[in-house]
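> Residue-level listing of the chains:
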Amino acid sequence: MKSGSKLERILQAGHFAFTGEVGPPRGCNVQALKEKISHLKGHVDAANVTDNQTAVVRLSSWAASLICLQEGVEPNFQMVCRDRNRLAMQADILGASAHGIRNMLCLSGDHQVFGDHPQAKGVFDIDSIQLLAMVKGMRDDSAFQSGGGIDEAPKMFIGAAANPFAEPFEWRIHRLAKKISAGADFIQTQCVYNMDKAREWVKQANDLGLTEKASLLMGITPMKSVGMARYMQSKVPGMEVPEAIIRRLREAGKQNVAEEGIKIACEQIQEFKEMPGVAGIHLMAIEWEHRVPEIAERAGMLPRPEV
Amino acid sequence: MIIAERKPIPEIQSFVAGYHKVLVVGCGTCVAVCLAGGSKEAEILTNELTLSPKTAGARFESRTLERQCDMEFLSELDEQAAEYDALLSMACGAGVQLLAERFSRIPVFPAVNTSCIGVNRSVGWYEENCRACGTCVLALTAGICPVTRCAKGLFNGPCGGTNITSCEIHPDQPCAWHMIYERLAAQDRLQQIMEISPANDWRNQQPRTIVQPGYEERTSALKEQ
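Each protein sequence line maps, in turn, to chains F and E. Under our numbering, the first residue of the first sequence carries the number 1, and numbering increases by one thereafter. Under our numbering, the first residue of the second sequence carries the number 1, and numbering increases by one thereafter.
Be careful, since some hints might not be right.
[Stated by the list, open to error] Each pair of labels, with its calculated beta carbon distance range: (1) E:Thr219 / F:Lys2: 48 to 58 Å; (2) F:Glu287 / E:His170: 23 to 33 Å; (3) E:Arg131 / F:Arg26: 31 to 41 Å; (4) F:Ile150 / E:Cys136: 30 to 40 Å; (5) F:Ser234 / E:Cys136: 30 to 40 Å; (6) F:Phe169 / E:Asp172: 35 to 45 Å.
These are calculated hints, taken from the structure and not from any lab test. Where is the CB? At the ideal position from N, CA and C, for every residue including glycine.
Full structure from sequences and hints, please.
Below is the structure:
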């Protein structure tokens, strides 16, 4: 066991993993955070806790991860390279581990121009792949990035993100390979809508032996409306939403569009469950946490295994 | 070369308000090429300040030196500078500082914002290409600097935010890592970015002094004499 986290144990036991996501509040509204977490409790194996997502300041991800832990949901502590240099990152990794956080997801982070402080100096001292290598070195070699020794190494199950849909498509699988060789134990992908491309990418990962080295969790975000689908299609860089999805949502009619979105998500989950090389699902129900129990139920993800 | 942009007139006027005789000092090198602070721009600024009612009553004159980042050229101003009660430098930040050091009894103000190290794409169009990080990785990245031209300065890109061939921050901003990939693929050199680029050794985090071997040889030869 690398960290002994529940997520690691689930994957090691060969269960199909199911993770969710919680966005911390823009303030100290712990009640709102607890409310979001309550919907995930018992329905996911771990919940990603986002780190100033979309470059907007929020309650810090390690603090929200602690609240998550106290509320009985295992956190997957997200860390971006935008806001901290290597000293602050390593300090927070030690702190998180000391408090019992056992999973983390290493990300570059959205550029600060998108957020609420576009004038901020982006740190980007290291990139996401270098961060993965740093965490692995801390955990496995008890060594800081500088090489200096650590007095009791942090225990972390190390995650990385992958976007199978961004160009150049041919390079994506090699970048995934780099992330895995840098230290990723599990991968969570960008939201999948183009199943053809996702199939092709998973096949490439299998062919290169990557799915034996790291666990692939495919990203799913149910569409709530045609507007959301259009926005994802045209405004979110690196996101691919096929016209067929939009057509399906539109044809469902205004009353049933959210239902249709959940239906699509469940179909995708079903297909991934049977796809060789896929180890789980990462459900990003953005500001829709209260629908997670229903989606989990309908997708056949319940009950979650006890390990 | 160094790229700079002239500051807005109101900001420049706020610096020189209250001074009676001001010398606008142009610089004949980088800032002249990028049309920000050469002799022509120094004359234009002098005229603008002279004609503006906001700075009426003060006298503005201009003089352009070959380079302000070199004491040898600054010495040309030694006698003339004493006639002015303020100097307005149109050089880059390095030039302004050396001018202020040379004439430390006279207030020296900057008239440009120093932007970057860049290239001249066309007259009046310049692009940033180098951030002087001190650890050049261009050999690995097909001659395209990821520190400068990737908005996140990634060493192992492209990130998932790449937008077909452009950067997530703006459709007009090309994705540096996409260009790196394409050029390396065309040269059949992709193998070199398969390896993980380790965390960078940032050498631009403290003031740097660069001493070339020739300097050492010259000074030790002088000492022996």
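> Using the Cβ atoms, figure out if Phe169 (chain F) sits within 35 to 45 Å of Asp172 (chain E).
For Phe169 (chain F) and Asp172 (chain E) the Cβ distance comes to about 23 Å; the hint is violated.
> Look at the Cβ atoms of Arg131 (chain E) and Arg26 (chain F) and judge whether their distance stays inside 31 to 41 Å.
At roughly 33 Å between Cβ atoms, Arg26 (chain F) and Arg131 (chain E) fall inside 31 to 41 Å, so the hint holds.
> Given the hint of 30 to 40 Å, is the C-beta distance from Ile150 (chain F) to Cys136 (chain E) inside that range or not?
At roughly 32 Å between Cβ atoms, Cys136 (chain E) and Ile150 (chain F) fall inside 30 to 40 Å, so the hint holds.
> Given a hinted range of 30 to 40 Å, is it respected by the beta-carbon distance of Ser234 (chain F) and Cys136 (chain E)?
38 Å, holds
> Indicate whether the distance between the beta carbons of Glu287 (chain F) and His170 (chain E) respects the range 23 to 33 Å.
Hint holds: Cβ distance 27 Å, inside 23 to 33 Å.
> Honestly, do Thr219 (chain E) and Lys2 (chain F) meet the 48 to 58 Å range at C-beta?
56 Å, holds
When each numbered hint is compared with the structure, a violation occurs for hint 6 only.
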